[in-house]
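Fit chains L, D and W with the ligands to the known structure of chain V by using the hints.
Residue numbers (my numbering), protein chains in the order written: chain V, 1 to 328; chain L, 1 to 328; chain D, 1 to 336; chain W, 1 to 336.
Just so you know, these hints were derived from the structure itself, not from any lab. This structure is a prediction, so every number in the text was calculated from the model and none was measured. Watch out, some of these pointers could steer you wrong.
[Unchecked claim] Subject to a maximum C-alpha distance of 25 Å in a straight line, what follows is the list of computed SDA-like cross-link-like pairs (lysine to any residue):
hint: 1; chain 1: L; residue 1: Lys-106; chain 2: L; residue 2: Ala-77
hint: 2; chain 1: W; residue 1: Lys-312; chain 2: V; residue 2: Asp-314
hint: 3; chain 1: W; residue 1: Lys-227; chain 2: W; residue 2: Gln-330
hint: 4; chain 1: V; residue 1: Lys-164; chain 2: L; residue 2: Lys-106
hint: 5; chain 1: D; residue 1: Lys-327; chain 2: L; residue 2: Leu-312
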Amino acid sequence: MTIPNDFLLEMQRRMLRIRYFDERASKMVKRGEIPGTVHTSIGQEAQVVGAAMALGEGDYMTGNHRSHGHPIGKGAALGPLMAELVGKAWGVCGGKGGSMHLADFKVGSLGESGIVGSSIPIATGAALSSKVLGNGKVSLAFFGDGAANQGCLYEAMNISSVWKLPIIFLCENNQYALSTPAHTVTAGVLANRAAGFDMPGVRVEDGQSVLTVYDAVKTAVDRARAGQGPSFVEVVTYRFNEHSEGLRLAVDYRDAEQKAAWLQRDPVKLFRAHMLEQSIADEATLAGLEAEVMAEVDASVAFANESPFPELTDAFKDIYTEPLGATQ
Amino acid sequence: MTIPNDFLLEMQRRMLRIRYFDERASKMVKRGEIPGTVHTSIGQEAQVVGAAMALGEGDYMTGNHRSHGHPIGKGAALGPLMAELVGKAWGVCGGKGGSMHLADFKVGSLGESGIVGSSIPIATGAALSSKVLGNGKVSLAFFGDGAANQGCLYEAMNISSVWKLPIIFLCENNQYALSTPAHTVTAGVLANRAAGFDMPGVRVEDGQSVLTVYDAVKTAVDRARAGQGPSFVEVVTYRFNEHSEGLRLAVDYRDAEQKAAWLQRDPVKLFRAHMLEQSIADEATLAGLEAEVMAEVDASVAFANESPFPELTDAFKDIYTEPLGATQ
Amino acid sequence: MTIMSYLGAIGAAQREAMDADSRVIIMGEDVEANVYGTMGGKSRSDKGDFLQLFGPNRIRNTPISEEVMVGAAAGAAMTGLRPIVDLSYSTFLYMAMDQFINQVAKSRYMFGGQSSMPVVFRSAMFYGLSTAAHHSDRPYPMFMNMPGLKIMVPASPTDAKGLLRSAIDMDDPVMSFEACMLWGMKEDVDEGEFRIPFGVARIVKEGTDVTLVAISSAVSQAVLAAKTLEAEGISVEIIDPRTLVPFDSDAVLNSVARTGRLVIADPANKTCGAAAEISAIVAEQAFDCLKAPIMRVTTPDTHIPFSPALEKQLYPNALNIADAVRKVVQTKPRGQ
Amino acid sequence: MTIMSYLGAIGAAQREAMDADSRVIIMGEDVEANVYGTMGGKSRSDKGDFLQLFGPNRIRNTPISEEVMVGAAAGAAMTGLRPIVDLSYSTFLYMAMDQFINQVAKSRYMFGGQSSMPVVFRSAMFYGLSTAAHHSDRPYPMFMNMPGLKIMVPASPTDAKGLLRSAIDMDDPVMSFEACMLWGMKEDVDEGEFRIPFGVARIVKEGTDVTLVAISSAVSQAVLAAKTLEAEGISVEIIDPRTLVPFDSDAVLNSVARTGRLVIADPANKTCGAAAEISAIVAEQAFDCLKAPIMRVTTPDTHIPFSPALEKQLYPNALNIADAVRKVVQTKPRGQ
Ligand SMILES: Cc1ncc(C[n+]2csc(CCOP(=O)(O)OP(=O)(O)O)c2C)c(N)n1
Ligand SMILES: Cc1ncc(C[n+]2csc(CCOP(=O)(O)OP(=O)(O)O)c2C)c(N)n1
Ligand SMILES: [Mg+2]
Ligand SMILES: [Mg+2]
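For reference, chain V alone in the conformation it holds in the complex (with noise of 0.2 Å):
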């Protein structure tokens, strides 16, 4: 499919906002700014956009906790996203959620799971009222190749597959959880359980190429809407950073040549190269982008600084959507 320069540059400018804004996250979380830790997706983010970009604005994303590309990728501003890192009044969640629990319902991020594989069957159930309600929206759950063996995820193949549910299972396969390299806790080839629960399963061997990722996924988001069903899309690919930042392990569980290899792949470098190639845009114009993409990332911490912190009785609200009554 042909896809005109705008969206091109746009798939760009995402990739770009999560990388400075995950080399910026990072940064902070060591120097203190960031309580608790950051899971960048660093590496991950033509995976990330090429799948995010493939979906309409009112389309629905869960995620996990690898999260701040996904509502990034989605659309959402940065400004209330990093005003969360840091735990401030003014975050996307006011505070409450911090890095693994990102939502930003006005661009369809239904929220990122702390708890491994806990949303996929959160985006099933929006799959479910989009059938229900006939609004042709599309749900996508993203997640990674350790999640892949949560039950739960079979559990959602199934009813997604049986209902026939405009829904996208997307396997971020960065070929380990945490230390452990998915091989040798994984049996066979993850798309290949899809045939199983009757649903294509394709595997995007390259997870660095945006438009790869974009085309594979475009393909299911078409077939969801056209009301064929679910599927079971893994890309492949490779985080830079460590699992969390500032974790420190004593043992190297990546391989060092394996490493060296995927570094050379930044899917950032390789898509700005693509498109001086094919001059889709001039190197002004990327230096342009790439200006303004770091001032955003700037002005979002700005805003997050300016933010003041929640109020002490903020922790009781929104438990429920009233007050409690007799028990209160």
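Structure of chains L, D and W with the ligands alone, referenced to chain V:
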């Protein structure tokens, strides 16, 4: 493979035990002699016995709510089973388990489960201990087509495949989960799901033939014992009675023609005919066998009747291996 | 007014809500065949078969997959539907515990109020019916320990209909624990629409000597016990909280302020049960009114055995409730 | 004796048990790399890497599949192994709730004592560390509500080592809830083999005016509060139950018999928490000794927010514990 005649006769004996035991239990439920209800394996005897007898004496087995056939198929004595069904002290579980929770550790029966799917991880753990201890024992998990949509099955299949555990996942596909036709809630063919977990998946279309079932399961057992890991065996069969005895539903959810056709394929009658045809046994031998088993079932009822009820205080025993101390 | 059974009332409330709002759907195992009789009475025809009334888009048989069933209902509730999930037996809820706790109960909070969760999870507690340990749990205390869920435990057909209707209309997740023992219980119930608020206890019977808080199936047992005790000259005030979250602590505290004595009859297991919480609330907030120890009549800390010979002794009943009341009445108030 | 951290003590107990009995295995996510430092100290080399010491047959990385992990450990325990399952964070336990409740806790009972279940489930409660609602739960009260499980909540390195060793030697399933806040806590611990029995509380400090029962991370906070209170002339007796099932009610009842006052500091959520149970036991069995209301200092009924600005106020700490103690001391005993 050629199977000695006495083994074939033992197959018929165990199928008859299940048939007569369940027919008697059904009557007793309707007469109020058994509290609660029972789920019979009438019509599924070939699938149960063909699988159970493919296991060795020392091998392990777990099951589900359709529970009498499994321990009987594995060689359990009928008296303590019947005493359990009536809630007596001489019951195999001292009257605490009842129909849905039979277990007879003497024959490797680690327990049936009233929770659909819940015993599959238990069988997986038995296979793990065989592997760690290197004692060559094989484990088999009986579960239904309905249970096959519980996520824990896929977690179990994955870990068993990765660890090459000696286990057989035996799916009793009687085509219905209570009132729900399997094809309405199940995507694709269950046996085909095995491939995605890197293990053989076999579908036995003729689950009414004890020898066909035996051959398929024996192959899987030999494979497991040889250290080659798990297998998935789906056996297509049919339950002749209602889901549970005494249950009456307003809707007839089973197709009348299909039902009539299946009732023709009575596994006990089929194997009887086969043995006569092949002159494995003559009429007198088989009639004698039937009389013997009927007497066994009568004796099991007598044993149950003779048994005292448990003491009130037994309700508080066996929660822990020792008195709870401070909390008591 | 018309005679309705507890089970019929549950069906009526659901039918009413489905008529009133097309966003309400029902999903669960075997709901199409109405196996548990909770959708229009025991028979399909009686009061109309839900599948025929509302169609397959709104009445959905699910696979046996509790985890995705619960999570999908939550996701659907976050995106425009108002699902009722029929989980049949309460002992099956554990299969979906992660979804209940980490998604259903926490999402709205974690996301700073961006989502609401209008979903009802129904399940029946089948205790007392010889179904043994895998079908007889009364697990509501576990859910009380996790904020974010509302919990109803109706003890009469009227409360079942009124509370369930409120639950379906509510924008927060509700867990409805229905006592199978009460399914057959009948009384006059308003056929029209009515709602019973959460967090408002029902004074089942007024009395002056002892406050007796009774939950679910223990309510009718408490009433029997009270009759016996009246004859002995002991006046018992019976309170049915009806919902455990929110819990109407004022009703209990006010009553104890008058009676000075408290007995709690709760079919859940003893340790960390609802009775423990109610006792702790009173010991904390009404200590000065107390004239006697607070007694709990609960299911002891055991699993449910199959044999009726063992099971029947376990639950709160008119006899053990009456004994507990006698004990607290005999205790002399301090300083006398 | 040697200086050991809480985390090191957990490692030491496991190493000790694995040396002593080849049937003991460890399984869990990322245990090979010792990501959580519970197997031989924070670094692999420190005190020996378990993978190198015991080999891949006994140290097993699992897939992220809590449900089968827990069930498989149970099945293995029923057939000759003595597994230790590392579930990392306590908030992940819900994923395996059905296996914990319906299999681990119930099997021995349902099968009339045919099986025993020698298995230990370890998990860390990461509260107070800005990990928000999906990593910060303290869910032990839910498990207290289900008989069949034993529950340890060590509050010191010595107790961690001694209790965990007892747990691994025990033939019943044990859940070990370890407070992440205490991981760094250091003290002199016996390097040799020793076991601390379940169901025997530790009198952390004797006192005469108030009994203060403190659980897990609340113990050290209680000690700080007691220091302040001593200065005000209030003598506090601090009791650490160490195990919640079995629970040493005698220790608490005897203490209350002397002090007449009870405060409970429990990091779990308030409703139906451990504090509620302890309060109810005392209100039932030691009412006549009570001179004041029983106060609970717990985490209020809320989820754990991410922002440190919101989180730090939530847990029992020296200040809110001291306030509660002052309250019960100020209340005049009735009749004075
Ligand atoms: C249910 C559950 N189990 C374990 C964890 C701990 N944990 C957090 S991230 C992670 C690895 C996840 O791997 P994967 O799904 O591949 O995602 P990735 O981090 O590689 O992006 C683990 C084990 C968790 N958060 N939730
Ligand atoms: C976790 C759980 N969900 C639901 C049930 C209720 N239930 C009992 S048997 C059954 C149908 C099981 O079907 P299947 O697995 O095919 O076994 P079959 O009865 O056909 O032998 C259901 C839904 C249960 N016991 N446990
Ligand atoms: Mg990964
Ligand atoms: Mg079936």
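Hint by hint, here is what the structure shows:
Between the alpha carbons of Lys-106 (chain L) and Ala-77 (chain L) the distance comes to roughly 10 Å, so the proposed pair stays at or under 25 Å and holds. Taking the CA atoms of Lys-312 (chain W) and Asp-314 (chain V), the gap is about 13 Å. The hint holds against a cut of 25 Å. With a C-alpha separation of about 18 Å, the suggested pair Lys-227 (chain W) and Gln-330 (chain W) falls inside the 25 Å cut-off, and the hint holds. Under the criterion of a C-alpha separation no larger than 25 Å, the hint pairing Lys-164 (chain V) with Lys-106 (chain L) is inconsistent with the structure, at around 47 Å.
Restraint check for Lys-327 (chain D) and Leu-312 (chain L): satisfied, since their Cα atoms lie roughly 23 Å apart, inside the 25 Å limit.
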